[in-house]
Amino acid sequence: MATSSAQHRKLTLRLVIIVIGMFGFGFALVPLYDVFCDITGINGKTQNSAAVWQSGQIDNSRSITVEFITRTNSGMSWEFTAQTQRISVHPGEVNTVSFYVRNPARNNIIAQAIPSVSPGQAALYLNKTECFCFNQQALQAGQEAWMPMSFYVDPDLPEDITYFTLQYTLYDVTDRAADLTDNENPFLRQPVSGSR
Amino acid sequence: MKKHIRNAMMVWGGIAAFTSLRVLAQTESTTQRSGELNLRQGVTDISGQVYDLHMLMFSICVVIAVLVFGVMFYSIIRHRKSRGVKPAHFHENIKVEIAWTIIPFLILVFMAVPAAKTLIAMEDVSEPDMTVLVTGSQWKWHYQYMNSDVSFYSVMATQREQITNKFTKGENYLLEVDRPLVIPTGQKVRFLITSDDVIHSWWVPDFAIKKDANPGFINEVWTNVNEPGIYRGQCAELCGKDHGFMPVVVIAKTPDEYNAWMTEQESRVKQAKAEEQRLLAMSMSMDELMTLGEKVYNSTCAACHMPTGQGLPGVFPALKGSPMVLQDQQAHIEIVLNGKAGTAMQAFGKMLSLKDIAAVVTYERNAWGNNTGDIIQPKDVNAVATGTGI
Amino acid sequence: MTKATETLVPDHASAHQDHHHGAPKGIMRWLLTTNHKDIGTLYLWFAFIMFLVGGAMAMVIRAELFQPGLQIVDPNFFNQMTTVHGLIMVFGAVMPAFTGLANWLIPMMIGAPDMALPRMNNWSFWILPFAFAILLGSLFVEGGGPAFGWTFYAPLSTTYSSDSTALFVFSVHIMGISSIMGAINVIVTIFNMRAPGMSWMKMPLFVWTWLITAFLLIAVMPVLAGAVTMVLTDKFFGTSFFDAAGGGDPVMFQHIFWFFGHPEVYIMILPAFGIISQIVPTFARKPLFGYASMVYATASIALLSFIVWAHHMFTTGMPVFAEMFFMFATMLISVPTGVKVFNWVATMWRGAMTFEIPMLFALAFIVLFTIGGLSGLMLAITPVDFQYHDTYFVVAHFHYVLVTGAVFSIMAAVYYWLPKWTGKMFNITLAKWHFWCSLISVNVLFFPMHFVGLAGMPRRIPDYSLQFADYNQWISIGGFAFGLSQLIFLTLVIKACKKQGEPVSDRVWEGAQGLEWEIPSPAPYHTFETPPVVK
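Protein chains in written order, with the working numbering: chain A, 4 to 199; chain B, 5 to 394; chain C, 69 to 603.
In case anyone wonders, no lab produced these hints; they're calculated from the structure. Beta carbons are placed, not taken as given, at the ideal position from N, Cα and C, and that holds for glycine. Hints are supplied without guarantee of correctness; some may be wrong.
As the list claims (entries may be wrong) - Using 27 angstroms as the maximum straight-line C-alpha spacing, the simulated DSSO-like pairs for lysine-lysine come out as follows:
{"#": "1", "chain 1": "C", "residue 1": "603", "chain 2": "B", "residue 2": "90"}
{"#": "2", "chain 1": "B", "residue 1": "90", "chain 2": "C", "residue 2": "270"}
{"#": "3", "chain 1": "B", "residue 1": "99", "chain 2": "C", "residue 2": "270"}
{"#": "4", "chain 1": "C", "residue 1": "93", "chain 2": "C", "residue 2": "566"}
{"#": "5", "chain 1": "C", "residue 1": "270", "chain 2": "A", "residue 2": "13"}
Unchecked claim - Partial list, computed: chain C residues near chain B (C-beta under 7 angstroms):
{"#": "6", "residue": "143"}
{"#": "7", "residue": "224"}
{"#": "8", "residue": "230"}
{"#": "9", "residue": "234"}
{"#": "10", "residue": "312"}
{"#": "11", "residue": "358"}
{"#": "12", "residue": "392"}
{"#": "13", "residue": "403"}
{"#": "14", "residue": "416"}
{"#": "15", "residue": "417"}
{"#": "16", "residue": "422"}
{"#": "17", "residue": "450"}
{"#": "18", "residue": "455"}
{"#": "19", "residue": "524"}
{"#": "20", "residue": "531"}
Generate the whole structure from the sequences, applying the supplied hints.
Here it is as structure tokens:
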């Protein structure tokens, strides 16, 4: 019986390690999911950081229609519109579009734009070189701004995708980002050059 | 014991007969009373394919069940101890075991091929003729026609009294809305689906479309309706208290009728804007505001805040005696206009006119003993909405 | 978790003392017991009480759905009922019942004197009542209990839930710890305490299926714990795992949940397969057909269960190839499941069958579980799943596999081993009433759900349109009848616990094989203190 007690302890410890490992794995699923999304395009998530454009081939034989949708979530009072609703682009060429925001509220608000692409697969081929969605955007009461977004479509975009939709949802994140309140919005009142 | 077995046999036999009767009833119903017992064929090519696939799978399953249960019941009847049989002793047979692993696998392959075909047809991403942005929010749908100014909320139209059994229930009980979505027949209509709060699911059985509305993300799905008609569905993902009261109604019209409808809607949008401008210049009386406010409140706000203004403790806050309602007028208008993030309180500025909001805020500030005496005019609401200050 | 590790090592000195002084008396016996039979009894009674509590909630649901319109409860309370009914039946009834059977039977089947970790065994049971007291208590706090479905999809369970969610999370944590401790105990017992000669491929199938189940439990219960922890921090501590505004994704919740959830489904059915594989050979008087293939089928079902989770979420929007992958993987599961059903039928073939109560339940299981399995196959087909998903067709499917599957197997097991436990034959008349009433009512209850589901009735709704009225009335009547039938079972079990009835022989059933039938009836408090030798 003495030996079996040691055996029990050894096996139990191993199992407890598995349990702790699986608990950790539960949390590891969060970054794994992002990797999974990057590979498969589930949910149409786009990259959260700027892509670097390499001057490569511009495929003039194809044109892709990109459609922009702007929404504000509940609790968000900003006016938010896309200055360009639809644009036809050639894969490989960089385009810049501009979005108008205005804060009509009497307090300063910090916003975060969340992008989503449909069909999800297209998200893998959408490269943004500059986007207001990479950072939180602050506007003082009554301020307005034109925020730019530059992007190009990877020429490897599958042949059957001829158009896709990019949606931005604007969230009020003032509560969780209070330290940014005094930051001046870099796009304040400057119509972006190249906007259509 | 013997009697017990005979009883068992009889009832098992009865169950078997009963089940087969049900199967008969099922097949009969597909021709005569379709839609009541079985999946509906729907009105699109895709929904037809889905129906055929369903019937194929169903038939295969019935055949498998009949074969397996047939063998089992044969054995139950023949191989009983009471018949004096001596049990055999075999307990494996490699050939048989391999056979009943391979054969089901082949059946699966046979099932997978048409399923994959239909799936690929459903996920066709070619360019649509038109697009509607569908947004779910706690407990209504919003439809926005892309490349047009027309957008509206679609709310269940069944009266509360029908639900609480005070009035007789109408034919389309729980499946009727105030403003149905209208789409043309014979065109590829794309729906971009998203949500403002929790996850909803937009489901129209006749189109074989069910797609989740995920907050912050868009999903897409498309249809091409063959026959004009009214098609009803419901929200299919649990989305909170009134999940069961969130119907979807789509009217498919011929392209000509659809265009006429669209032209009318566009002119209405223009009229409404003009009306709004006119309203800003005038003032409404307290009585007018209170009467309209009560109506708006009961159709829009009462689901959560309750007709008594007392809310649901711990879930939806009370308005009766609420500090915001009694004091901070601007905050009150703001929350009605923009909603409150992370709660069921939505941005009603997108849904109601300035006049409606003025009326409902006035009503809330003066009903149920909230006797503030405040009168809110449409122009006050406009001032908050546009940030021009009070 | 720390508590679990602290009590891992059994205190052999006192366990040894218990051996010689017999059981303590009164309530302290049950509070302090480390005896596998006592703990098994506690688990089974707890599961039965929870089954009745969860059943009472089902009665509320069916009463509300008896007619269209809102009559009895408001929609918010209705949602709490569906949620807590699901949680209680899954975590409070089916899983503890299987753990109770494992406690009673595994040591007796493998010739061990007790479970390997008796102190932990005591802990793993006694934290359960607290978990469910918290869960049930949350129904009475302001704002009500959990109302977001047992699947607690974010953000309905995070941003939009009532504050009682903290209680829900805490309670699920405790249930998880309990299950994990139970699973560790089963694994250590089976690995280390088999009697001499009890080789792996001689173990009874109930032991095999439980071993595999235990591995599933320790693999996925921690993931569930992770998921509820994320819900908790999202709701109360400002993280945004599932909130798009902070860079999270609500769909990710479903991926994590179902990564747990699908293996969980098999956790609730694999031990049932084990039970049926014990009962059918006994009453067919013929060895189980394809023992080895049964073991391999169980293992492959368990492995496949890790790669099919997304079939619960086809409508969330996935790329076509992902939909196809999960469709094919899911269909594949029907192959090993089919093998099991064929093996049972082949076991009956050319046997000499009698139809005592356990066999009746086992036969009902095979037929009705197969119906549930076939509707599961239909649900796997992605394009049609878009139509079936979140309708009563799904409700019918999982109640066929869980009620006429898991629950019927538990009842079969109780009838099969109860005489061994008490030494007396249960009241056969009552048992027959229980079987026939349950069998008929359960089909009146769940079969029409297929029809209303296909006709388009969504699940989790407190009110429905008029076309579904007739069927829902039938369903409710079936539900009430099924609920009442379980009171017959309650009476029978109470009588059995009072040791009423005819004494039984050691073997109890003529064709019974296995170590548990070699010991006296009733099974003495301590068995196999000297291990038997298995030839």
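Tested hints:
1. 603(C) - 90(B): Holds - the C-alpha atoms of residue 90(B) and residue 603(C) are around 26 angstroms apart, at most 27 angstroms.
2. 90(B) - 270(C): 25 angstroms, holds
3. 99(B) - 270(C): At roughly 23 angstroms apart (the allowed maximum being 27 angstroms), residue 270(C) and residue 99(B) satisfy the hint.
4. 93(C) - 566(C): Holds, because 16 angstroms separates the two Cα atoms, which is no more than 27 angstroms.
5. 270(C) - 13(A): 25 angstroms, holds
6. 143: 5 angstroms, holds
7. 224: Holds - the Cβ of residue 224(C) comes within 7 angstroms of chain B, reaching about 4 angstroms at its closest.
8. 230: 5 angstroms, holds
9. 234: This hint is violated: residue 234(C) lies away from chain B, its Cβ roughly 13 angstroms from the closest one there, beyond 7 angstroms.
10. 312: 3 angstroms, holds
11. 358: 5 angstroms, holds
12. 392: 6 angstroms, holds
13. 403: Since the shortest Cβ distance to chain B is 5 angstroms, the answer is holds.
14. 416: 5 angstroms, holds
15. 417: Cβ of residue 417(C) sits 5 angstroms from chain B, so the hint holds.
16. 422: 5 angstroms, holds
17. 450: It holds, given that the least Cβ distance between residue 450(C) and chain B is near 5 angstroms, below 7 angstroms.
18. 455: 6 angstroms, holds
19. 524: Where the cut-off is 7 angstroms and the nearest Cβ of chain B is about 5 angstroms from residue 524(C), the hint holds.
20. 531: 5 angstroms, holds
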